[in-house]
Amino acid sequence: MKPDDVATAIMNSLVQGGSQWLIATIVAFLPVLWTMSLMLHLGRPYVLRTLRRCGLRLGADIWWMSYLLMRDALLLLTFGLSWFFFEPNIVASMALPITGSLAAMFLLLSLAVKLSRRVDDDVRAYRLSTLFLVIGATLYYGPLVFAVEATSQGYLSGFGQAFTSNSNPTVALVLMWISLAGVGLVAAWLFVRALMSANRSMGRRLKKEQEATGVISGAAGGGE
Amino acid sequence: MNVDTLTHAIVQGINSGAEQFLEGTLAAVLPVIWLALLGLHLGRPYILDMIDRFTLRLGADLLWLIYIALRDILIISGVIMSFMFLFPDVVSTDQLPLTGGFAAVMLFAVLLIKLMGDPDHNLRDFRLVTWLLGIGALFYFIPYLFGVMLNQVATGQILTISNFLVSNTNANWAVAIGYITTALFAVMGAIAVGYVLMTGGRAEAPETTSK
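Heads up: the protein sequence lines correspond to chains A and B, in order.
Take this note's numbering: the last position of the first sequence gets the number 823, and nothing is skipped along the way.
Take this note's numbering: the last position of the second sequence gets the number 203, and nothing is skipped along the way.
Worth flagging that the hints you see were computed from the coordinates, not collected in a lab.
Note that the Cβ used here is the ideal one computed from N, Cα and C, for glycine as well.
Hints may contain errors.
Label pairs and their computed distance ranges (CB to CB) [said to hold, decoys possible]:
1. B:I65 with A:L784: 45 to 55 Å
2. B:L27 with A:A672: 25 to 35 Å
3. B:G9 with A:N798: 48 to 58 Å
4. B:I39 with A:D720: 50 to 60 Å
5. B:V145 with A:Y754: 31 to 41 Å
If we take Cβ atoms under 7 Å as the criterion, some of the chain A residues that face chain B in the derived model are [claimed, not checked]:
6. P602
7. D604
8. F628
9. P630
10. R643
Just chain B, same shape as in the assembly (with noise of 0.2 Å):
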């Protein structure tokens, strides 16, 4: 071995483990911001409440603010920190939840519904944004709680199962569901593309409060 290998070899294993490690906090901070944005958009009936309570218009409407632009910027980070299992080599690689891409699709389909739609104002798009909240939460945390933190105390047929559930060790499973997340990633931003270009960036979702 001379110093070239070995700096080739030092390097290689900075950048592997700079970008795994990178990818590893990734997935562990997704489950915290799953729950904050399901306790953000659940808790809606206890903002709405205090807002009731002010006795000015001023406070009032900065709570609201604040409170939908933390719930939607933490459903967008949602959206792109799952980016991760749109790419095949990320989740052969990475211990990744193996549905963690049809988790992402449910999100960007709450945003879908929310820049169509008027979940707070109409109560089907909210029954619909909840279900999908719902739905993506058990995509999210089903394989992660069974599969990727349960594999290294599991035995028997619940090691099979919880294996089944990881990314890495159910390589073509994971793959083809990157794949699927990606057609449907696509559909849904054609869809939404075609939205603004055809509105023009308006906002032209009927109002339902002001009927």
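Isolated chain A, as found in the complex (with noise of 0.2 Å):
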């Protein structure tokens, strides 16, 4: 092998196997990331009651403000992040769990509820975004500890094959199209929901800028 060989060899690594070790870090760190945001979520009883005890509104609010900016900002993160799961490509050459598509649809989902109802005031839809999360993260948590870390353990052989993502590529791809049909779904459905609640909300105000303009002109054309 000449030095040249050796050189496109080193370049190709580099290139190949920064890009993987991108996708594999974002991987491994989405447990963190669904970790956390699971416990945010469910902590809530615990934050409210710290909450309660302030002795100030001014604390009250920052605690409160803090924690629900954590809270959804990790959630929207974790989202964001999972978008690997629905790139063909990398769910079919990566070792990714298989189900992670499905367990990103459902955090959408979770996501979704807040974005719909007032899931801190409704105890229902808060029990349902918490149930669409724990799906999703069970989804997740699964196959990830004993399929894809576990390809030392020769008696989970049978099941990790099943739950990775390479080496169960056709039910991998089709999880994937499922979840993503899903997905476009929830968002359509958001966006068509911020177009007409705006229009809903922008018509009230433009009516009641035009019914006060009426009243001053009538009170102008009167006083003339």
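Got two chains here, separate frames each, mind docking them using the hints?
Here you go:
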């Protein structure tokens, strides 16, 4: 092998290895985000208990605001980083939990409940959001612990093969397309909802402004 | 060997090396997290003493909120970083403390008590949390100190004990402990979810101070 070949090999490795390493790091970081999101979501009673004991409104507001920001930003970030599960090339070539895409879809459903209903005031909505989140987390953790991270365990090889995306690419891709369709539907519903809500609230404001202008011009006309 | 084979070998090396480096870094940071969270938990009387000296309510509130936020985030970080103890491949490849998974279970139990009880105002809960943290610290530090950090200088019988306490030289036990840890995590997680679904996310624990 000539020095040029070695140089080419190192260059290719840096490009391919760097990209694989980046994806692998994000995938390895996802359990952290999932766990943190779950803990913050489930820890709401504890946060509320602490909030009640604040002597001043300012302290309570800062506490609640920090909690909400962290909790919801983490959910959004987890969904954003789960986008790898919707990229066919990566799903078919890298060892990922086979139900990762479904987990991301359930995470989006949980977010959609938060966006469409007042989860922090409505107990039913909170329960629904919790259920979606727990189902998503279970779909993520199960294959991760017992398939992707258990290749050294011979007795789990069957499970490992079935639940790792690159050893069972057909099922992985089918699940991915189903989840992608689900994500598309939820996103479209959120889009239409946001548009209608904006139309409604802006329409109401415009109507009020028009009425106010009418009253003023009427009053001005009467004055003349 | 051709260019493709060499490329593949280098890529494998980069990925495996980076993964082991990341896990090794997490394992090295965990003792610091354990020490910091123990210090903050045991330093509660000092914080309370300081709060009493504040002349402004805002300062007292902020100090208390920052204290509990730091303390609890460290506990959550401890649980999250201990997730590697659940992965069979990781425990059988890397040098980790054998009972690190049990230490994580103790931390998770602490979080569960904080969720369902009131350790900051209920003495029984506080004692329980303190015991769990103490036992968890033992589960982490004994195999870390006498296993992971001693096996290069130990000889004879001590080396045998030291190797027993390290996950990759006692892979069968490490994997079994990993499964037990996973089961305990699942059970406690299910309890937490059940509690939150039942209460609808409201603070249902009795308010001990208001009585």
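Going through the hints against the structure:
no.	hint	in the structure
1	B:I65 with A:L784: 45 to 55 Å	violated, 36 Å
2	B:L27 with A:A672: 25 to 35 Å	holds, 29 Å
3	B:G9 with A:N798: 48 to 58 Å	holds, 55 Å
4	B:I39 with A:D720: 50 to 60 Å	violated, 33 Å
5	B:V145 with A:Y754: 31 to 41 Å	holds, 36 Å
6	P602	violated, 12 Å
7	D604	holds, 5 Å
8	F628	violated, 9 Å
9	P630	holds, 6 Å
10	R643	holds, 4 Å
The structure fails hints 1, 4, 6 and 8 (numbered hints given earlier, in ascending order).
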